[in-house]
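Chain by chain, the residues:
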Amino acid sequence: MSAPVSHAKGNYRWEDPPDEEKYSACVHCGLCLESCPTYLETGHEQQSPRGRVHLIKSVAEGKLSISAGFENPVFTCLDCRACETACPSGVQVGSLIEAARGQIRKAIPLTGWKAFLHSFFLRGVFPHPSRLHVLGKLMKVYQKSGLQSFLRKTGLLNLLPRHLREMERVLPAVSDPVMKTHPEVIPAEGSARGRVALLAGCVMDVMFGEINAATIRVLTRNGYDVVVPRGQRCCGALHIHAGDREQGKALARQNIDAFLAADVESVVVNAAGCGCALKEYPELLHNDPEYHDKAVRFAEKVEDISQFLVARGYQKPRGRVEARVAYHDACHLAHGQGVRSEPRQLLREIPGVEWIEMELADRCCGSAGIYNLTNPEMAGKILDEKMKAVPDQIDLLAMGNPGCMLQLMMGARKHGRTAAIVHTVQLLDWSYEREARQAAGQSEAEKGE
Amino acid sequence: MPAIDPIVHELARIVGADSVLYQREDLAAYECDGYTVHKHPPRAVVFPSCTDEVAAVVKYLHDQNIPFIPRGAGTGLSGGAVPLGGEVIISLVKMKRLLHVDYENRLAVVEPGFVNLKLTNSVAGKGYYYAPDPSSQYACTIGGNVGENAGGAHCLKYGVTTNHVLGLEVVLANGEIAEIGGVPDAPGYDLMGLLTGSEGTLGIVTRITVRILKNPEGKKTVLAYFDSVEEASQAVSDIVAAGIMPAALEMMDKTAIEGVEAGTYPVGHPKGVEAVLLIEVDGIAAGIDDQIAKIVSVCQGRKVSEVKVAATEEERARWWANRKTAFPAMGSISPDYLVQDGVIPRSRLPEVLEKIRQISERSGLRIANVFHAGDGNLHPLILFDARIPGETELAVRVGSEVLKVCADAGGSITGEHGVGIEKKEEMRYVFTDDELEAQLQIRDVFNPRNLLNPDKMFPKPGRCAEMRAAPVEIR
Amino acid sequence: MDAALITQVIGTGRIRPAAESSHVLGNHGSHEVFPESEEEIAAVLRAAHEQGWTVIPMGGGTKRGFGGTEEKADILLGLSDCRGIAEYAPGDMTVTVKPGTTIQEINAHLAAHGQMLPLDPYWPRQATIGGVVAANDSGPKRLRYGSARDHVIGMRVVYPDGRLIRTGGKVVKNVAGYDMNKLFIGSMGTLGVMSEITMKLRPLPPFQTLLLLAFSRSDFTLIRSFAVSLLDSLLEPVSMEFLSPAVHRNMNGGHGYALAIAFEDEEKAVRYQEEWVKARLPADAEIQSWEQEEAAEWWMRFARLPPSGVSSGDREETLAVKIGSKNLDVLEIVRACHDLGERYGLDAQAHGGVGHGITRVYVTGNPTLFASYLTEIRSLAESRGGYAVVQHASLERRRELDVWGRKPAAFSLMEGIKRSIDPRRVLNPNRFIGGI
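Which chain is which? The protein sequence lines are A, B and C, in order.
Read in our numbering, the first sequence has 427 at position 168, and its numbers run on one by one without any break.
Read in our numbering, the second sequence has 394 at position 349, and its numbers run on one by one without any break.
Read in our numbering, the third sequence has 167 at position 165, and its numbers run on one by one without any break.
Bear in mind the hints are in silico, worked out from the structure with no lab data behind them.
One thing to keep in mind: the hints can contain errors.
Just so you have them, the derived chain B footprint on chain C, three or more residues with Cβ under 8 Å [unchecked claim]: (1) 4-15; (2) 145-154; (3) 204-210; (4) 235-249.
Glycine included, C-beta positions come from ideal geometry on N, C-alpha and C.
Chain A extracted, bound-state conformation (with noise of 0.2 Å):
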């Protein structure tokens, strides 16, 4: 654990220590406590943007030291952002989390089974495609092979911690991984008019693979050769927000090299956590001097799915819809990127769609990459909250984010909802489909005539 002594700042002694100019722009105003969930949920300071802030300002004077007591309330933040969006000073909180969490970990490594889930994970197989497509594999063999329904009747599950037993039942039927099913390169439907990237990820290919498969179909039926790069990774937000900086970075250099590799005008991705952590590249890199440059020319491309299409012009879908639709903003979307009217504009142009607006939309659903698996009763009140928002009467809830999916599958079984929880790109792929079948169907009537 030796760093260069150069980095340290107070009590943090190791490379990355939250940036004094962003701790420094807190000014405490407060305006940030309503925003935040973790607050909201137990009234306290410590557990509030401004009182993490501080916290870490502290550490930094030298006035703290890096303790249970400290890592408890910057392990409890969910990274959401919503602070982001409300504070009026800008400060970037959820880059001063993370850094923390860094140092954090270098000072108090994780032990135990803790340890090893970490090691075994983070480090052992979301890293690597393969491995992950094994597991992925193996879910679909105890889906299917009635292991998992056997289990179930047998009440062998509730041996399972209650919130991995919660997580366990709404498990989406596991598709085949598109970066196996597709070739590297799917041509444009028609002329192309350009070429674009697709972020696999690894839990949205893993367990989301026909998400990924109707963003593909959706890029080519507007005329975009979609690029799968083999060489790409996780993006390593999950490792960054778990304090492992290092394999956050390694991940950021492999994934910088295969997407600039791939020659591509847009690095397009369907994961609100990913397209956050793929655009922060060039923060985590800074002191990279290799690799910083090539962070920022590689962050510029990256881009979500929905605005994308909107910034670009898409074809607006025909094929009707009928369903009542709410929109839930993930935080990484709409907080760490800004992106909120976007989505919602693609949505609400489906024909057939009956819109709902539902409050509090942009209120964090607990998911927050593996916190629920982390903190399972903070992650579960933060979803009960969220669930009081959700309107009774929709039948779709559309997102752009595979953890808030499996977040909010686990929500609507738990509160008996019968809404469906979808990805947005989605909902815009069965509107193309079906337009193209009454298309057909009209030219077979026609062709019968």
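Fit chains B and C to the supplied structure of chain A, relying on the hints for placement.
For chains B and C alone, kept in the frame of chain A given last:
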């Protein structure tokens, strides 16, 4: 691990273990409020969830002679909720329910931790709102508003918190619970009026009945840019002289404009203007256009460089967000700022601003001015960098000088932020020893042991002043 | 007391032997002293404090029948010579006046600059600002404009020991220290003598009208729902005063209950609101309207409805009660005041602000019935969380009635305040609630 303070167990017995904070790191988050010049952690933080718990906590602390401080969201700007050493903070944020709304009688009953803006949001569906709108209304609590007698941008026409409080339930210094007010002109001395704005030194409010108002039928907002502060100030006086009672009349000077444009809610104020006025008129729609026409013509008479009326509600909201976040937005152009809260007769504005400019020049610290021009409440924001040794002290001195200028112009040292820690000594700019003594006499009636938020609001006894009961010894 | 001592503290020209030895309303003094300055007020009070004299301050004398069980104090401190505008800054919309200035004088002065004191207390020609503030008097227009506690921003107060204290300031927004103004508003002169009062002003409204809705059938369901719909509308009435049949008759020769609705605004806005009301008139209501000077004249007559301490000699013995309640309870309370009058065979004129919660009733007839009348009205008010206070009665009556009603919560704090500021009970002893 240091031994746990024995009072923690006692407090936990009253409110439950989850509702007492005592760890060093947790307490560190409570070492200041919106005023960050002074910092000191509390002895513990306790979170009662109902009036009886507040009363029990207060009684325990009273019996033990332990000083305590009520705290809401901690957005105060004068250090009213900052411990000076050894106080227990009683946080009211868990008492955050809206208990009752009575539309026919136009009142709402809330717990002290209920957030200001939530009240308006809760009654907006029926066309009502809660008038006091401090800039921190997104987060500040109504209990805190009562403690500070909070104002806001719209108090020229609608008054401040004290004009909207109809009744209070209060826990007194010894833990007794009293109901005060409730109906207009309740017989007896106006204790409600005294408690409002007493900065937590006379009691802890645990339930508040406030007036709610019907939304005005019409509302129009005007932005007017001026090339000189004098012309803008004259325009303010002319508007008032024209018989118009604007709902809000706000001014920002050049440096303040720079700040808000660098903040989260820029609206594209033109570069180079010396002052902007934000003027809002509300009331019966049929009468508003005439008032707007008068305002526009008054501004034109004062060489306005541009004047425009908000075309949409969205535009209006954007202008207000820009103005309301003016203080924290200074964080974008300066690492630290100190906001002052002087009040002056509005006709004296040009000369006061000139004196402030001179102070800024002499001290080398930039000062941005945000001004509730309608009611003469001036917020000079003194920009500084606490990392530069001595600059915090300089900023504090500059703030005090600015307040002296306001006091000398026939004004006051605080219009809405309260005295707190920050302006204790400046109380002498506006009050004589006799007058301070008269106020302390009142405090002694409510808070004879000086346990409630001790050492706030009042200067240290002067040489001539009678020595008052020394605050309780603090371990 | 030793009368010679007074002449040592204030010139003999300021001292008048009491014109009569007693007054039917009490609150008299063995000596009447009329200071002309703050220093003279202070000198009198300092002497009183030292000598143990009692002092009753008085402005125009309109509230002489309000509170108190004392025949006379040692000194009746007349403030009518402490009068005039001390400072007026039209650009700041504030005015500072001396306590003996009448409301009418103040408004006449302000009107020249297009401004007004937004307070419409009773008997404005006689009532002085000091008395109005000390008794916290207000009229129907408080619905829109508020009461003294909303307008007073600063005072100079002479404490019972002669100390001079300034409270508040001269700016419209001020939270430096405790809001000490509030302490003196409505304190019935038991804590100090105001020597100067600074108030916020408002621009004179460009146009005003008064609509009088007469409800001949007295259908309370209809009246209530109309009042509620008006209150819930976007209109901005400055008053919605509900009048009992006797007041209605007295003011306009009308029958049944009536509602006096006033609008003050730009003419277009006033007209719009008038039309709104006319379009939604309840079935049994008839409407009359007055505008501008005629409306003002109507309100001037209205302001002379209650008994006044000055003219009480010429009038039949009257009991005036102020009842505070929630806004809409006013309807029931006005009705109860009226019905109870009929039951007791008393003439009861009652009116109350539907949007502000203050009802007043003026009762004449057999004075021995006043006590029962008061008890019933008070218990009704208290059952609804309100109160009833006697605002005017003869001394004899006040001694047998309970003027203030039960002690409020936190009364011990009120006693503590009195003890702390006026330990020798110089000022207005026994004039206020609970014997303060």
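Against the structure, the hints come out as follows:
1. With 0 residues bearing a CB less than 8 Å from a CB of chain B, the segment 4-15 of chain C misses the requirement of three and the coverage assertion fails.
2. Only residues whose beta carbon comes within less than 8 Å of a beta carbon in chain B count, and the segment 145-154 of chain C has 4; three or more means the coverage holds.
3. Chain B is given as covering the segment 204-210 of chain C, and this holds because 4 residues of the stretch bring a CB closer than 8 Å to a CB of that chain, at least three being needed.
4. Only when three residues or more bring their CB closer than 8 Å to a CB of chain B does the claim for the segment 235-249 of chain C stand; here the count is 4, and the claim holds.
In the structure shown, a violation is registered for the earlier hint numbered 1 alone.
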